Amino acid sequence: MNSVFSGVISGGGGGGETVYVDVSELTFSVTQAAHGLAVKDVVRWNGTAWVKAQANASNTLGQAIVKTVPTVDTCTLIYLNNTEVTFTAHGEGSAGATLYLSEAAAGDLKNTVPASGYAQQIAMVKDANTLILQDYPAKAV
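In terms of my numbering, the sequence shown opens at residue 1299 and continues consecutively.
I should point out that these hints are in silico values taken from the structure, not numbers from a laboratory.
The structure presented is a predicted model; accordingly, all values stated were derived computationally and were not measured.
Glycine included, C-beta positions come from ideal geometry on N, C-alpha and C.
Fair warning: there could be bad hints in the mix.
To be verified - Straight-line alpha carbon distances no greater than 25 Å define the calculated DSS-like cross-link-like pairs of lysine-lysine that follow: (1) 1338 <-> 1408; (2) 1408 <-> 1424; (3) 1365 <-> 1408; (4) 1424 <-> 1365; (5) 1408 <-> 1437; (6) 1424 <-> 1437; (7) 1365 <-> 1338; (8) 1338 <-> 1437; (9) 1424 <-> 1338.
What the hints assert, rightly or not - What follows is a set of in silico ranges between Cβ atoms, one per label pair, in the way DEER data are often shown: (10) 1430 <-> 1346: 29 to 35 Å; (11) 1330 <-> 1379: 19 to 25 Å; (12) 1410 <-> 1336: 26 to 32 Å; (13) 1337 <-> 1394: 32 to 38 Å; (14) 1437 <-> 1329: 32 to 38 Å; (15) 1357 <-> 1427: 30 to 36 Å.
Please put together the full structure from these sequences, using the hints given.
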C-alpha cells in the first residue's frame, strides 16, 4: 500500500520518541498557474517552478514524474524514489523495458539510451499498468 506523507515531524522535549513514516510513494501536490504538464511528464525544479526535464544537460535532469493533473493549475508529483506507480494502460512497452529521460523532447520517456547528453534511467516497466520509478545517477553519454 502506498502512503502519502504530509506535515511536519518534530522532536519533543527529549522524550525519546520514535516516529515511523511510510514514504514508499513520496507524493506531493503542486499549484502553479498554467503549468502545461501532463501525466507521466518527467519534471525538475528550476528554482522558481516545476518544468519538464530533459537529458541534454546535467542541470536539466529529472527529479519527479507527474502522477495526476486535476486542473490546468494543479498537479500531483512523485519523486523518483524506487517505488511502483500505477499508470493505467501506460503504453510504455512490455515488462522489463527500461525507460530513460529523452534528450530531445522535454518531459518525455524513451525506451533507448539517449545518443547524446545524459542517460537518466527513470523507470522500468513492470506490466501494462505499472512502472517502477528508479533513482539511479545519470551518466554522460
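Okay, the hints, checked on the actual structure:
With a C-alpha separation of about 12 Å, the suggested pairing of residue 1338 with residue 1408 holds against the 25 Å cut-off. Note on residue 1408 and residue 1424: the hinted pairing holds, with a Cα-Cα distance of about 16 Å set against a maximum of 25 Å. For the given pair, residue 1365 sits about 18 Å from residue 1408 by alpha-carbon distance, which is consistent with the 25 Å threshold. At most 25 Å may separate the alpha-carbon atoms for a hinted pair to count; residue 1424 and residue 1365 meet this at roughly 17 Å.
Distance restraint check for residue 1408 and residue 1437: the Cα-Cα separation of roughly 16 Å lies within the 25 Å cut-off, and the hinted pair is therefore satisfied. Taking the CA atoms of residue 1424 and residue 1437, the gap is near 23 Å; set against the 25 Å cutoff, the hint holds. The straight-line distance between the Cα atoms of residue 1365 and residue 1338 is roughly 6 Å, inside the 25 Å bound, and the hint therefore holds. Distance check on the hinted pair: residue 1338 and residue 1437 sit about 22 Å apart at the alpha-carbon level, within 25 Å; holds.
Straight-line distance between C-alpha atoms of residue 1424 and residue 1338 comes to about 15 Å, which keeps the hinted pair within the 25 Å bound. A hinted range of 29 to 35 Å for the beta carbons of residue 1430 and residue 1346 is consistent with their spacing of about 31 Å. With their beta carbons about 21 Å apart, residue 1330 and residue 1379 fall inside the hinted range of 19 to 25 Å. Separated by about 21 Å at the C-beta atoms, residue 1410 and residue 1336 break the suggested range of 26 to 32 Å.
Restraint check, residue 1337 to residue 1394: a C-beta distance of roughly 22 Å breaks the suggested window 32 to 38 Å. Checking the proposed 32 to 38 Å range against residue 1437 and residue 1329 shows it holds: the Cβ atoms sit about 34 Å from each other. Range check, residue 1357 to residue 1427: about 33 Å between beta-carbon atoms, so the 30 to 36 Å window is met.
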